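Student: Working from the sequences, and respecting the hints, build out all of it.
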Amino acid sequence: MTPILHLDGDVGECGDTIVGTVVWSDTDAPPPRAAVRLRHRAEGAGLVDETDAADPVRWDERGRFSCPVPAVGPISFVGRLVSVSWSVEVVDLGSGAVLVSVPVTIVPAGGLALWAQRAAGPPAVT
Amino acid sequence: MEDYEQESERRGLPVQTVLGDEGDRHRAIVSIVATAVVGVVLVALALIIGADGPWWFFALLGGVAFVTVAIAAWNVRVWVVWGNPQLFLPSSQDLALGDRVTVRFRRRARGAVKPDAVQIRARLRCYEEALGAADDTDQSEVEVFDSPVEVSRVDVVGSVVEADLVVEVPLFAAPPSMELTRHRVGWRLIVMIEAPGVPDDDSTFALIVAPRLADRTLVEAAA
Chain A
1 MTPILHLDGD VGECGDTIVG TVVWSDTDAP PPRAAVRLRH RAEGAGLVDE TDAADPVRWD
61 ERGRFSCPVP AVGPISFVGR LVSVSWSVEV VDLGSGAVLV SVPVTIVPAG GLALWAQRAA
121 GPPAVT
Chain B
1001 MEDYEQESER RGLPVQTVLG DEGDRHRAIV SIVATAVVGV VLVALALIIG ADGPWWFFAL
1061 LGGVAFVTVA IAAWNVRVWV VWGNPQLFLP SSQDLALGDR VTVRFRRRAR GAVKPDAVQI
1121 RARLRCYEEA LGAADDTDQS EVEVFDSPVE VSRVDVVGSV VEADLVVEVP LFAAPPSMEL
1181 TRHRVGWRLI VMIEAPGVPD DDSTFALIVA PRLADRTLVE AAA
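Residue numbers (the numbering used here), protein chains in the order written: chain A, 1 to 126; chain B, 1001 to 1223.
Read the hints as simulated data drawn from the structure, not as lab findings. Computed from a predicted structure; not experimentally measured. There's no promise every hint is true.
As the list claims (entries may be wrong) - So, partial list: chain B residues that the calculated Cβ filter (under 10 Å) puts toward chain A:
id, residue
1, Val1080
2, Glu1143
3, Val1166
4, Glu1168
5, Leu1171
6, Ala1174
7, Arg1182
For glycine and all other residues, C-beta sits at the position ideal for the given N, C-alpha and C.
Tutor: Okay, structure coming up:
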């Protein structure tokens, strides 16, 4: 039973929320203890830090959920020694199984527009 | 020299005081004790063993012992002459990406400082660190940003040296501060002071750069 996870946007700011929808097929009932969690993973020098950003949340009757992003971050980045990535996961808290995982990018508070500009690169010369 | 606390109060700004890096003080004490112990042991060895051996052995051991003791004595002098450094930030908020903030450095010497040739340099650095590598070796640290900081004013009154430093936090060049179990991103302001008659010394201040954009960056982006 694999749900479909839609995010309203795959970039979020520190201190804001990641909003999306979980869709289950008509034939599959979600596990009783299924929930959505926002998680970050730091890697570097052979070490891994995996942390839930907040308590897992449940979706409403329409499958909508909202995960708060901590104001203290960390932001997503790839550094020289350390890199940090974020994901939204639907997880069965009973078994601990991750049912689906979608990557998200977390940027500094107030930085969504600037980061989008930067990701788009310089305008093409015509 | 207007008192910075009063000045900030007059301007309605809260003052955040950051003391010198405790780690530096710890390292200084370790350095002084270690070099003093090694020096004393070498002197004793030189006297016990070297006196009956060849002259060059005695001279070599004695020379190394002398240098070691001298380093320990110099560290003690640095320790004694300079008081604790202080850094004043004109806000209780952490720094932000794209910030441009004037901070005030203050260091009190134990004795008068000649004002004519005091030189202060400063650098802003960011490092990434992995704490406790998988093979149980020591932590590893990589510097990812290093930039000179503008010194806009230096003032000496009696035994107090004071400087205004214009700290510019880059927008994209380095990540904001981060503290996880095994990984860390940290920022340091390093202030190097040279003054006639007193030992050169560095002060290191740990700064926190929050994961948010500075207000001025947002205004510029909107414009």
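Student: For each hint, tell me whether it holds in the structure or not.
Tutor: Hints and how they fare:
With its C-beta approaching chain A no nearer than about 38 Å, B:Val1080 sits outside the 10 Å limit, and its interface hint is violated. For B:Glu1143, the interface hint holds, the least distance from its beta-carbon to any beta-carbon of chain A being 9 Å, beneath 10 Å. Because the closest C-beta pair between B:Val1166 and chain A is about 22 Å apart, greater than 10 Å, the hint is violated. Annotation: interface hint on B:Glu1168 violated; nearest CB of chain A at approximately 16 Å, more than 10 Å.
A hinted interface residue such as B:Leu1171 counts as satisfied when its beta carbon comes closer than 10 Å to some beta carbon of chain A; here the least separation is about 8 Å, so the hint holds. Given the 10 Å rule on beta carbons, the hint for B:Ala1174 holds: about 8 Å separates it from the nearest Cβ of chain A. Hint status for B:Arg1182: holds, given a least beta-carbon distance of 4 Å to chain A, under 10 Å.
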